[in-house]
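Undergrad: These are the residues of each chain, in order.
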Amino acid sequence: MYFLETKDVVKQYANHRALDKVSIQVPEGKIFGLLGPNGAGKTTLIRIINQITAPDSGEVIFKGRHYLPDDIYNIGYLPEERGLYKKMKVGEQAIYLARLKGLSTDEAKKRIKVWFKKLEIESWWNKKLEELSKGMQQKVQFVTTVIHDPELLIFDEPFSGFDPVNTEMLKNEILELKAKGKTIIFSTHNMASVEEICDDIALINKSKVVLSGNVSEVRSQYKTNIFDVRIAAPELSVNPEIYTLKEEVQNHNGSKLFKIEKVNEQITNSELLSALLGSNEIISFEEEIPSMNEIFIKTVSNE
Amino acid sequence: MSKIGIVIQREYTSRVRKKSFLLLTFLMPVMFVALIFVPLYLSSIKDNTVKNIVIYDETGKYFSVFKDTDNYHFIEGGNQVDVSSEIKNNESYATLVITNDLIQNSSAVTLFSTTQVTMEDKNVIIRQLNEFLSEEKLNSFNIPNLKEIIEDSKISVNLQTIKWDESGKETISSSEVATVIGMVFTIIIYMFIFVYGAMVMQGVLEEKTNRIVEVMVSSVKPFQFMMGKIIGIGLVGLTQFFLWVTLIVAIVFVASISLATTQIDAEMIMSTTAAVQDLSTVTTPELSKVQEIFGMVSSINFPELVFYFIVFFIGGYMIYASLFAAIGSMVNAQEDTQQFMLPITLLILFSLYAGMYSVQNPNGPLAFWTSIIPLSSPIVMMVRLPFGIPIWEKLLSVGLLFATVFLMVKLSAKIYRTGILMYGKKPNLKEIWKWLRY
Chain A
1 MYFLETKDVV
11 KQYANHRALD
21 KVSIQVPEGK
31 IFGLLGPNGA
41 GKTTLIRIIN
51 QITAPDSGEV
61 IFKGRHYLPD
71 DIYNIGYLPE
81 ERGLYKKMKV
91 GEQAIYLARL
101 KGLSTDEAKK
111 RIKVWFKKLE
121 IESWWNKKLE
131 ELSKGMQQKV
141 QFVTTVIHDP
151 ELLIFDEPFS
161 GFDPVNTEML
171 KNEILELKAK
181 GKTIIFSTHN
191 MASVEEICDD
201 IALINKSKVV
211 LSGNVSEVRS
221 QYKTNIFDVR
231 IAAPELSVNP
241 EIYTLKEEVQ
251 NHNGSKLFKI
261 EKVNEQITNS
271 ELLSALLGSN
281 EIISFEEEIP
291 SMNEIFIKTV
301 SNE
Chain B
1 MSKIGIVIQR
11 EYTSRVRKKS
21 FLLLTFLMPV
31 MFVALIFVPL
41 YLSSIKDNTV
51 KNIVIYDETG
61 KYFSVFKDTD
71 NYHFIEGGNQ
81 VDVSSEIKNN
91 ESYATLVITN
101 DLIQNSSAVT
111 LFSTTQVTME
121 DKNVIIRQLN
131 EFLSEEKLNS
141 FNIPNLKEII
151 EDSKISVNLQ
161 TIKWDESGKE
171 TISSSEVATV
181 IGMVFTIIIY
191 MFIFVYGAMV
201 MQGVLEEKTN
211 RIVEVMVSSV
221 KPFQFMMGKI
231 IGIGLVGLTQ
241 FFLWVTLIVA
251 IVFVASISLA
261 TTQIDAEMIM
271 STTAAVQDLS
281 TVTTPELSKV
291 QEIFGMVSSI
301 NFPELVFYFI
311 VFFIGGYMIY
321 ASLFAAIGSM
331 VNAQEDTQQF
341 MLPITLLILF
351 SLYAGMYSVQ
361 NPNGPLAFWT
371 SIIPLSSPIV
381 MMVRLPFGIP
391 IWEKLLSVGL
401 LFATVFLMVK
411 LSAKIYRTGI
421 LMYGKKPNLK
431 EIWKWLRY
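Chains as they are written, first to last, in this note's numbering: chain A, 1 to 303; chain B, 1 to 438.
Hints may contain errors.
Stated by the list, open to error - Derived lysine-lysine pairs resembling DSS-like cross-links, with alpha carbons at most 25 Å apart:
| # | chain 1 | residue 1 | chain 2 | residue 2 |
| --- | --- | --- | --- | --- |
| 1 | A | Lys127 | B | Lys19 |
| 2 | A | Lys89 | B | Lys19 |
| 3 | B | Lys3 | A | Lys87 |
By construction, these hints were calculated from the structure, which means they are not laboratory data. These numbers were taken from a predicted model, which means no experiment stands behind them.
Isolated chain A (complex conformation) (with noise of 0.2 Å):
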């Protein structure tokens, strides 16, 4: 059973059809990567599992069962434009959207010290949200999104706005959110991140959901089927039967680098070590399997 579910989902807007048929499946306690390049429908998704909007057919699953109107108190969003009144002072904002969500006032209070000071921006309290940089207001928002500590969280594009060092505190925060067995929906542009996050993955474009599935096993359906191997050898001896030189890479102190060939996807790579072994001095031997980044750009332009 996954946490959440949609199936055959349509959004038609006036003269454009926003989602196609979408179904994504998001296993509990996982983090859901949801890809997609600018346009492609995945904010509408968000905004359609968010209840803000309607789909026009097709059903959000949600632990199993139909989706009520009341399931949506169980999800935190942390929407990509940030959703905090400029004038008001940081910590009565926080507390504020704390006690909408069923929080007492001193609840509220406790929780979201110990989150302001998690974040370091304990000495916000006073200041008002326009006082603030635009990474600093996504840490507000990012409290107030998991302050009710609700079991979905949907984070839409969480880093934007970010630097390196705050990327990497929130990057924490999120797979500590997801060891305490919260389900994650995530979209973003940023592929390094699916790759170090994301445990499932969905890639929209165009409307359509064009591949999904668990991290590694879409990155192996990718396998080119080559692989680096370093020798100390100025040539290697090639086995046509098992595998084929692709390429001479570079000479470098006396070793070399050769891109190789399997010859098809029966022979496995102990196989493959083993006939390279028998006749070159190996120095280092790595599969070359694309990156998120590659994968994303070669379905996106491929469509």
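With the hints as your guide, set chain B onto chain A.
TA: Frame of chain A, contents of chain B only:
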């Protein structure tokens, strides 16, 4: 606390604590009083300069007519005017030349000056001459005691208006006082509906453009959020009204005490309070002006008026604020509000003008119908109340008003619920109609 309560609390406290609110609330009555009294005070300051006016009188009859005043000093110049020397004479402000008998030729008098003379200068000269000439004319008729006869014939009627109710109780009424009080209340209610209604729209628009609602929908229902805002801001308006009433009562109290101690002796105060307490006995012509005004003002039932003000403010505000909230939710930017604001602004302005015309005939058909129809009744009714109207009209008006409030809030909530989460192009009427029927 319920969620709607939390929203009300935020909307209320965030506005009441603003410096601009406190400043406006405490400065408005002061500014209002200042607006009336500062010009009065300034005009009462005496000008100390004395203007010299040289008089050349060819007839020789009129110099003695001119009496020096605080600001004017008249100098005899002689029979013949020497223009060239007079122009060089810096001492004199102006030169008055009389060339003929003024009874025969009333335009035989001219005032020369190097600077433009003021109305006041002219009036002083004309008044002094007129007084003398009319006396001279009267004397020429040779009727004994004519002056006394004329004095005696000047009679001014002092018409008192007294209103009696069915039990025969009489109160001194004044249409002037009722008019003024009605107008003041109408303008206040108009202002409040407009200012606080627009504040609701601003707030809704801010929450929409800053994407605050997107975060809010996972905590509160759109209806709770909208009502919390409307009620919170309405309470700000009522707070301001109560502060103003308190301030004005305090100012009037202080002013009347200082007036009483400086100008009216103890006996007068006693008779004034007696007059206020039992107006029906006070019909004697020697009633002082102060007592009369006191009587007329106290003939207005202020507690009733304030009560109805609150009732009509709540009703009118709720109707317009929910409309304004719906507008704020439909558009994406401040500029787009214009098109939707216009019809509502016209409606409110129409009500204000209907109210102003109703003052002249508070029981006429215009006044009657506009004070019953819910969209204009809160504003127009405030004009009519000080004149006293039958209870069934008040009840009908209030009943219809609150039925409309219920309907408007329901419709607006439907538009709000959809509009607030809708981005992109402005909705057309067809789409709004669709939202209403969800």
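Undergrad: Hint by hint, work out which the structure violates, then give me just those numbers in ascending order.
TA: When the structure is compared with the hints, none of them turns out to be violated.
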